[in-house]
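A.B. asks: From just these sequences and the hints, can you work out the full model?
Protein chains in written order, with this note's numbering: chain A, 45 to 324; chain B, -17 to 520; chain C, 380 to 716.
Heads up, none of these hints are tricks.
The following label-pair restraints were derived from C-beta to C-beta distances:
1) A:Val72 to C:Phe471: 47 to 57 Å
2) C:Thr440 to B:Met253: 40 to 50 Å
3) A:His218 to C:Asp454: 55 to 65 Å
4) A:Ala76 to B:Glu386: 18 to 28 Å
5) B:Asp60 to C:Thr440: 28 to 38 Å
6) B:Glu386 to C:Thr440: 31 to 41 Å
7) C:Thr550 to A:Ala76: 35 to 45 Å
Selected chain B positions facing chain A (Cβ under 7 Å, derived; list incomplete):
8) Ser223
9) Pro243
10) Gln378
11) Ala388
Facing chain C, a subset of chain A residues (Cβ under 10 Å, in silico):
12) Thr167
13) Ser296
14) Val300
15) Asn307
Quick caveat, the hints were computed from the structure, so don't treat them as lab data. Every residue gets a Cβ at the ideal spot worked out from N, C-alpha and C, and that includes glycine.
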Amino acid sequence: MMARTSTLGRFLRHPMGLAGLAILLVAVAMAATANIFFPDGPWKMAGRPILWPGQNPDFPLGTDMMGRDLLAGLLYGARVSLLVGLAAAVASIVAGTVIGAIAGYYPGWIDDALMRFTDAVQTIPSFLAAVVIVGVIGPSVTTVVLSIAVTSWPMIARLVRAEFLRLRKYDFVHACRIMGMSDARIMLTQILPNCLSPIIVASSVLVATAIIVESGLSFLGLGDPNVISWGAIIGAGRSALRVAWYITMLPSVAIVLTVLSLNLIGDALNDVLNPRLRQR
Amino acid sequence: MTKNLPLTRRNLLKGVVAASALPMILNAPYAQAQAAKRGGTLTIVSWPAPTYLNSGITTSGPETLLGGKMFDGLVDYDIGYVPAPALAESWDISEDGLTITFHLRAGVKWHDGEPFTSEDVAFTIMEILKVHHGRGRSTFANVTEVRTPDELTATLVLSAPAPALMKALNASESPMMPAHIYAGADIMENPANTAPIGTGAYRLAEYNRGESIVMEANPDYWDEGKPHIDKLVVRYVADGSTRAAMLETGEADLIASSLIPPIEILRLGAMPEFEVTQRGYEVSSSMHLMDFNLRHEILGNKLVRQAFAHFIDRDWITQNIWFGFGQTATGPMPPAQGDLYTAEGVPAYPYDLERAEALLDEAGYPRGDNGIRFSLFIDPLPYGEEPLRASEYIKQQAAEVGIELAIRTADMGGFVKRIYGDQDFDISTFTGSAGIDPTIGVHRFYWSKNIRPGVSFSNGSGYSNPEVDALLEQATVEIDPEKRAELYHTFQRLVMEDVPTLPLTATERVTIARIAVKDHTPRAIGPFGTLADVWLDR
Amino acid sequence: MADAAVPRPAADRLRPALRFLGRRLLQALIVMLLVVLLNFSVLQLAPGDMISVLSGSSDMTAEQMVSLRAQYGLDQPWLARLGIYLFNLAQFDLGYSFRNAAPVATVIAERFPTTLILVVASVIVSLTVGTLMGVVAARRAGSLADLVLLAVALVFYATPSFVIAIVLILTFGVTLGWLPIGGLVTVGAGLTGWAWLADLVAHLILPVIALCTFYVAIYARLARASMLEVSSLDYVRTARAKGVPEWRVVYVHALRNALLPLVTMAGLQVSSLIGGAILVETVFGLPGMGRTAYDAIFERDTNLLLGVMFVSALCVVLVSLVVDLLYVLLDPRVSLE
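C.D. replies: Right, here's the structure in full:
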């Protein structure tokens, strides 16, 4: 308990981390309040097309080419972007941890086989792989999440494997084995808790990357057509860039700020969780 | 477009596009009295890139754009689609319509120096167009033989009259190809398919597959003094907004077939450096249509389909999705089909949400506790942005009357398989070329004998009405124009009563070019034609 | 450090190097086989085939579709097609791209240079600019300059490449008119020699910047962290104490070792650049591997897509081999076992 409080305490004294957290909370608040402010959803063609921000007080951020409220689009877009980012990160952490843990705990042919498989996946350029998967299965939130997870788990797997390789030689692991604890239990209850900090640090980067990849897919027209994401607004507004640049720029700024905040949080977590690096 | 000023858009773009400039783009000045200047390079940007460099063996769009540049047709078409001499200087059609004799131009040479003769005509029609060209198979279906009494005479012998044939002999639709290059070898595998030898105004100079094609003026072109420019470059760029930017910066001179976002056409067209024209596309008017899968229990109900027609504001789609580049559809045929088209007595389904709700109630689909009547999928055609935007609008409108629509996107392979292969869809939207005659572009969607699983853009709704079938079959053989028009008028009324397919917009395509580009569309077919007359005023 | 100080006989270092290379090559072979199997299996999930796509854009009868499927072997079961594909691949035959009416190898040979130029230029530019930014920031750690550079790196990191591309086109292409925006060269201009090179460079500037920014940020951060870490090490302190000029300390002694994590990153960057090139090649109308792969998916040009993915993976494998070897060169402490 003590250790956790002090970790939290250290994070709260980290100015950059706090700034990141504040920005991220704004994005979360946007996502959470979308249906309170806009119960009719983001697709409603509520006003005149291409209203500039400030031109009409009813639409503070203006409307897009089809007269849809951009503020509603940004709020609902926050939902999709954050949801996709989080879900893809969770999926790749789960997959990467399982594969990395098994590979690290069972050196020899299991490790070899899993690592060659990891190599193979990492060898295929990841955005290309994501485009192929979404293109082939068809765009939906699920396939977008899947495509990102499929291409980003190897990084976690390598990280977890390295930790497992290191920790499995420790005395406490030997002790557990002698006590007759099952492999699965040792991995889950003894080793895993000890390699959580690098995973936590990596997860903020994963979410950030996933948000960028999702926006790239949507920009290419490979997003879920039934939900509005920031990337999709950029993709659709791009043809009107010269006439109404704000349609493209507003969601771009939202993406940049969110990814930036996740990075600040990641850096702060790194400082807080790995104090030895800081001291050196 | 000249008649239907995009009024909403004009208001909308005020401040961005000077409203007073719009009439200029609508009535682009055309008759050029100036003498053509020589020299220069004309650059066209387009997308996608072609597979082959001739349009005799495929009907794909990219090949059609190139077809007329390096090849010629027997005839060309003047405004109003009147045949004009090209490789054939004149022609005679027998009274019974069973023989057509072409008198060929003397002294025409292929790019490799060989003379062009009647042998080439016979070989092209019998061995290439009739066999490998998608539409050529039906255009020349009745041609049993091409006689070549001498080098400059080619006589087509027909088993039955084929009035459509004389409308399909231009360079991009039926290019004349060299027998001495193609005879005796597999036509599809011939290296000349990507290193063409034609009689056309331009010769291939450089081919960078998937990237660009450079053509140079053919110094031996039969139409003396043409072409006026030195080089014709076609570049392939995937992104519409980049294509527009290239036109704006001068990296490109001309974009055909509305290949940039409509809002950019309006913006650039209002600038004095550019000129927009809808001329040159009379053969290729298209309809944006919405197919209901009649095999579906709910959509099999006519009242439900009529409700769709009422809650979709088609004018809104025309103005806001196509930015006024088109006319709101009134029936299965576009107004471009002239006397055959009518809106008279055709059920119109004005925009009326209450009427739509009443029809849905009457059909036996009341709103449920959650306000929803039923849920369906809508599959937009994966071609350009407009079909997706239109389906986003339709989805939102459907929600207003208690219908939940979910949009499914797929690529062309997935779309074709789902809609026409598996027929596993509820509603699809697509754009179909209506053709110069309804027999080519309209019958296929409504004729019950064209319910053909696996065949793209056939009768996808599965519509089968014996009365409609009879009308269409009569219209195919009816020679009397008035009787024929009457048949089509009845057809339009019947089909709009049943609405197996809801026509949304008769779309119009335009060419946008720098004003320095002159005479790109002197005849019926614009940049898709030969471009032999084009010149640069620089 | 002690290890490195003792020079070992050349033969002693060569033997493990060869064994290492052999093992890595075998691993690479297995990885490439897995890549082909993965790609091939995923593509089987695609609905419809090349013929359905073709029939969507040109008129075709049902009979014609059947005969074309037979001609292209698309009516075979997928295991049979996989067998044929592997058999041909073993003879370095990547098959035929029907969409391009040319062998896959020819198409790739035409598209590869574009992507190669883009990727190489991006790696060089981002490595140079990023490292410089990082070194400058590290030397003034905590100063305003450091803060500004860090902030710039953060924004670069967070901005998607396509957004940067759009802004660049609008600013430098359209508004200022300084640089061309489409393609790799001025088509049909017939330029040669220096004029051609200048034209090429002009066309490259904007896409390379768009592709670079993300990595400039990464290298800047890596270089800064790495420099801070290395600067406090004994040998750097010793160098300073011995009176070695400061620029030499920074750019020769410290940087050489700080480069190691950057080299690893550069290896990873190549893989991600090939993927990221899809967006940049799309926006700038460049005929490269990325856009080719993208189009091949939607045209169901399976042979071409498999070919592009195979060649990309091959490049990545080769680059990672080179990176491993570079590691050995830069840091004699690295064991080859």
